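So the protein sequences, as listed, match chains X and Y. Numbers 1 to 144, taken from the numbering used here, label the letters of the first sequence in order. Numbers 145 to 629, taken from the numbering used here, label the letters of the second sequence in order.
Please note that a few of the clues may not be correct.
As the list claims (entries may be wrong) - Pairwise CB distance ranges, derived in the manner of DEER restraints: (1) X:P99 - Y:R336: 53 to 59 Å; (2) X:A93 - Y:D317: 53 to 59 Å; (3) Y:G266 - X:T101: 29 to 35 Å; (4) Y:N588 - X:G60: 37 to 43 Å; (5) Y:R164 - X:E130: 30 to 36 Å; (6) X:G94 - Y:G410: 21 to 27 Å; (7) Y:L401 - X:E56: 18 to 24 Å; (8) Y:G568 - X:D90: 40 to 46 Å; (9) Y:R336 - X:A114: 19 to 25 Å; (10) Y:D270 - X:D90: 49 to 55 Å; (11) X:T116 - Y:A577: 19 to 25 Å; (12) X:E5 - Y:P326: 39 to 45 Å; (13) Y:R336 - X:G60: 42 to 48 Å.
Simulated from the structure, these hints should not be mistaken for lab results. Just so we're clear, the structure is a prediction, and the values are computed from it rather than from any experiment. Here a beta-carbon is modelled for each residue, glycine too, at the ideal position from N, C-alpha and C.
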Amino acid sequence: MRIEELDHTADVGFVVEAEALAPLFEGAAAGLSVALGLSPGLVGVEETGGSVEPLELSAGDLDRLLVGWLRELLWKVQSERRLPRIVEVDVNAGDGRRPATLSARIRWSEAGEAPTREIKGVTYHGLRVERNADGWRALVIFDV
Amino acid sequence: MDRVDELKIRVERVDDHRWRIPRTGGMRTEGLVFADDGLMEQLREDRALLQVANVACLPGIVGRSLAMPDIHWGYGFPIGGVAAFDEEEGVISPGGVGYDINCGVRLLRSDLEERDVRPRLGALVDRLFEALPSGVGARRRDVVLGRDELAGVLREGAGWVVGRGHGRPDDLDAIESRGALPGADPDALSDRALRRGRDQLGTLGSGNHFAEVQVVERVFDPCAAAALGLEEGRVAVMIHSGSRGLGYQVCDDFIELMLEAADRYGIDLPDRQLCCAPIPSPEGRRYLAAMNAAANYAFGNRQMMASRARDTFAALFGRDAAEGMRTVYDVCHNIAKFEEHESDGVRRRVCVHRKGATRAFPLGHPEIPERYREVGQPVLIPGDMGRYSYVAVATEAGYAETFGSSCHGAGRRMSRTKARRSVGGRDVVGELADRGIEVRSDTNRTVAEEVSEAYKDVKDVIRVVEAAGIGRAVVRLRPIGVVKG
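The following block holds chain X by itself, in its conformation from the complex (with noise of 0.2 Å):
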């Protein structure tokens, strides 16, 4: 899995490369979290502590669902100020006739660091979740 930051005048944003649709939303989340000004390590860490919760998304199509994902997670660490550890992830793309659909189990904390950036939004600018020769590609930008 790999993460790039975008180089976009007024915002934010990365290109985010996996060779399938669970890894991908993980490093999502993580380009999300380093877009808060958080560490990436979103993703397998093992902690105890706070409260592991489910999260189930439908949304039309991936692009739809990749946004519903992080405008998720961004809820709960600006709103609700926890911060999240993905245990496990599983996405499935649908296919025109079934909804994209995520399913996930995030390990809440209320501890740890704070964000040093506020995100306004998840933007659908240039969003685009595609397969490519390695396996998948998105790109996401945040308005800040």
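Given the structure of chain X, go ahead and fit chain Y onto it with the hints provided.
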């Protein structure tokens, strides 16, 4: 409908300060960019021109898709973008307003001179930093609104705040739309939006939001300056902030709604962030009701901060000093408003979207305060924390050409990443202190990202505004104290 081909954005010079983007592909009208050669050179490395062209594709657009001289790459609409849509045939787009609904600027003037403030400048900026919570997720502990109180702010805006003793009735005379847009409906907001608004009234926020203590450095138009109460050497306070988390949540909530609506109404979107619905549709009306409520929250937010700023000055310099702190003006620069304008010889009611652009009504216009009707509406144009800001007034020629709009600031020329790299290990706060500018910020990151070289020189933007005849500089202000999130 053919989309605009990103690789083929053609720009034609109209004159030294105007550039046309001819209709191509799915564009329903042409684009018009206000820029000189220098600003246009910077624009060619930016994708903002494509965004001007994309906006021109939206249904019901009246006149041209416009770009003010501080234009830069945003999302959906460019920052500095202006577009008007027919009230019946056109669309309303949350992307044409932005996440920070009614982000805007308030300017207060005072009778104090720099020499009155200098000896206590450090203490003043320290106290403002305390009085105006800044930083990521800034909240107030002393002002937490109950449901009914929040509904009051959402309906009445700055008037609600003044009514509770935070400010003066004459503040309302000097706020765009008297600090409240009609048609606001708190019930149009989600629970999440309401939750976020409970404890953020009177907070600065983060990023490029700021409060500055400034000095009127130069007067260009003595007559207009006198009408605005601005005199060379006098101290002023400028506050830049918006609707905070409540506004961001409203935008988030309605973007999803509008994506579905655009699909349902068969609107082809060149960029999903331009998602929209017909203005008369249920979705369009609901967004307008929520947007107006969030806009009123922002008016209330700046009013609360202005009141706190006055209290801070009173504590340090005495009640008389605070009494002299009159609101010069308060403008929105992310909003959609219904206004009457003439286009192609037809006068009609349109919905003017200003995304990083400011309303600019000329002298005599009935919507500007009576005391300004002989000079024109003040246009507040912040620069950056190391150089200067401007106050301008509108012109009649500009009003006709721009749906009564002007620029909103300097506009970024460098990404945040590049800005941090260019700063490296420099002590920017120390450098500014050496130049007599006291800065307080929640994080060093913000200071690095907001460094002067990250922004266009606002003087260049003003030069184009004046040369194009769409505005006239009144005063220039320089910062001496800065509070940033």
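A quick look at each hint next to the structure:
no.: 1; hint: X:P99 - Y:R336: 53 to 59 Å; in the structure: 22 Å, violated
no.: 2; hint: X:A93 - Y:D317: 53 to 59 Å; in the structure: 57 Å, holds
no.: 3; hint: Y:G266 - X:T101: 29 to 35 Å; in the structure: 56 Å, violated
no.: 4; hint: Y:N588 - X:G60: 37 to 43 Å; in the structure: 42 Å, holds
no.: 5; hint: Y:R164 - X:E130: 30 to 36 Å; in the structure: 34 Å, holds
no.: 6; hint: X:G94 - Y:G410: 21 to 27 Å; in the structure: 23 Å, holds
no.: 7; hint: Y:L401 - X:E56: 18 to 24 Å; in the structure: 21 Å, holds
no.: 8; hint: Y:G568 - X:D90: 40 to 46 Å; in the structure: 42 Å, holds
no.: 9; hint: Y:R336 - X:A114: 19 to 25 Å; in the structure: 21 Å, holds
no.: 10; hint: Y:D270 - X:D90: 49 to 55 Å; in the structure: 51 Å, holds
no.: 11; hint: X:T116 - Y:A577: 19 to 25 Å; in the structure: 22 Å, holds
no.: 12; hint: X:E5 - Y:P326: 39 to 45 Å; in the structure: 43 Å, holds
no.: 13; hint: Y:R336 - X:G60: 42 to 48 Å; in the structure: 21 Å, violated
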